[in-house]
Amino acid sequence: MTPYDRLKALGITLPEPVAPVAAFVPFVRTGNLVFVSGHIARKDGKPWRGQLGAELTPEEGRDAARNVAIDLMATLHAATGDLGRVTRIVKLLVLVNCTSVFTEQPKVADGASTLIREVFGAAGEHARSAVGVAQLPLGSCVEIELIAEVRDGA
Amino acid sequence: MTPYDRLKALGITLPEPVAPVAAFVPFVRTGNLVFVSGHIARKDGKPWRGQLGAELTPEEGRDAARNVAIDLMATLHAATGDLGRVTRIVKLLVLVNCTSVFTEQPKVADGASTLIREVFGAAGEHARSAVGVAQLPLGSCVEIELIAEVRDGA
Amino acid sequence: MTPYDRLKALGITLPEPVAPVAAFVPFVRTGNLVFVSGHIARKDGKPWRGQLGAELTPEEGRDAARNVAIDLMATLHAATGDLGRVTRIVKLLVLVNCTSVFTEQPKVADGASTLIREVFGAAGEHARSAVGVAQLPLGSCVEIELIAEVRDGA
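Residue numbers (numbering that gives the first Met the number 0), protein chains in the order written: chain A, 0 to 153; chain B, 0 to 153; chain C, 0 to 153.
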């Protein structure tokens with residue numbers, strides 16, 4: 000089972016990678032690490048706006064984080080040419096746009112973490128930090144950055 | 000003097016590593032780097048809740064950050080088998096749960112930084128970012144993630 | 000054209016590196032990576048205070064981020080002895096001190112990203128995350144941490 004097989008089994012088609020909205024690039028490789036820029040949550044191709052604890056429920060936040068994970072994998076596919084060359088998802092930093100009383104960041108972040116483990120198997124077991132922030136670019140509800148380890152051939 | 004000698008001199012016993020509350024792992028090693036997941040502050044085994052600038056004083060925040068550093072070292076011990084194999088603490092990201100007017104994040108973060116330098120000596124001199132955030136998992140007052148450089152044998 | 004030539008053409012003189020205000024060091028090198036600590040925005044040598052969406056405009060935030068980039072380059076110069084040994088700016092994490100309704104973090108962050116690309120050329124193309132946070136050390140409006148890849152000789 001390759002990551003693409005698992006994506007297919009999950010009914011997920013990777014989109015075209017999202018172009019950054021500003022003066023940066025979607026990823027940089029250094030040695031065997033790929034640093035992927037923060038990706039914001041999208042729904043139907045537009046920023047998925049709103050704050051957790053106000054306009055959005057934890058379940059919506061979890062779905063938004065899952066969407067971000069799909070976009071992150073699209074960028075990783077562009078970075079490697081083959082997701083099979085990803086030897087480990089090293090770390091996620093999950094930024095949750097929320098009110099000052101919302102404390103379910105782990106539940107939101109699990110939307111991304113669970114999907115990544117499903118797609119990459121053992122290579123998808125990652126370190127993570129989840130945090131509640133005041134606001135995010137374009138009003139998006141979730142933003143995630145990722146570090147992956149890749150094979151030399153990638 | 001090993002890190003364990005210094006911990007003993009400080010009267011600190013490393014606890015069992017804390018299991019993540021969600022779908023991630025406590026650390027990932029890649030090459031000579033160990034990426035440690037964000038650890039939240041605990042007191043008597045429970046999340047140390049509250050916001051700096053509201054329920055908690057800077058001194059309490061500093062103590063909470065020190066507690067996080069102890070838990071981070073417990074995880075590093077689990078990651079390496081021997082803290083003596085840690086050749087450098089590379090970077091801390093210190094997330095302080097605070098109001099929008101609290102600006103003493105460096106004082107809070109020093110609770111962790113100072114202890115890490117006491118325990119690791121020169122290898123404990125680290126880069127750092129401290130930031131005030133809207134809220135943290137389980138309502139914890141401080142969360143810290145860490146990158147460490149380790150020896151090949153680790 | 001070296002990075003110093005480009006800085007000169009831009010009329011920028013690198014300042015003395017800023018000493019950390021607390022118990023950490025300005026950078027740590029591990030392998031071919033340099034992790035640079037979070038640097039806060041300064042104006043005339045003092046913290047550039049204020050929140051985006053309240054006291055400061057997006058244009059002021061962009062200028063503040065540009066100032067941070069200058070200080071980051073001063074620290075990179077101290078870390079490498081020669082900015083020509085920087086083979087790639089890998090990633091920026093841009094923390095914007097803002098209200099809960101301010102969503103122009105990318106515009107603010109571009110103040111740093113654009114200057115870094117001007118100075119380093121292709122080596123300055125970097126990954127990035129921009130995020131709105133509740134508050135920053137000393138009340139500063141912007142804080143940025145950076146990862147750079149450097150040559151073996153650096």
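If you are wondering where the hints come from, they were derived from the structure by calculation, not from laboratory data.
Some hints could be false.
The list cannot tell twin chains apart, which means a pair is met if one copy fits it or any two copies do.
[As the list claims (entries may be wrong)] Keeping only pairs whose Cα atoms sit at most 25 angstroms apart, straight-line, the calculated BS3-like set for lysine-lysine is:
| no. | residue 1 | residue 2 |
| --- | --- | --- |
| 1 | Lys42 | Lys7 |
| 2 | Lys106 | Lys42 |
| 3 | Lys45 | Lys7 |
| 4 | Lys45 | Lys106 |
Being a predicted model, the structure only gives us computed values, none of them experimental.
Enumerate the violated hints, using their earlier numbering and listing them in ascending order. none
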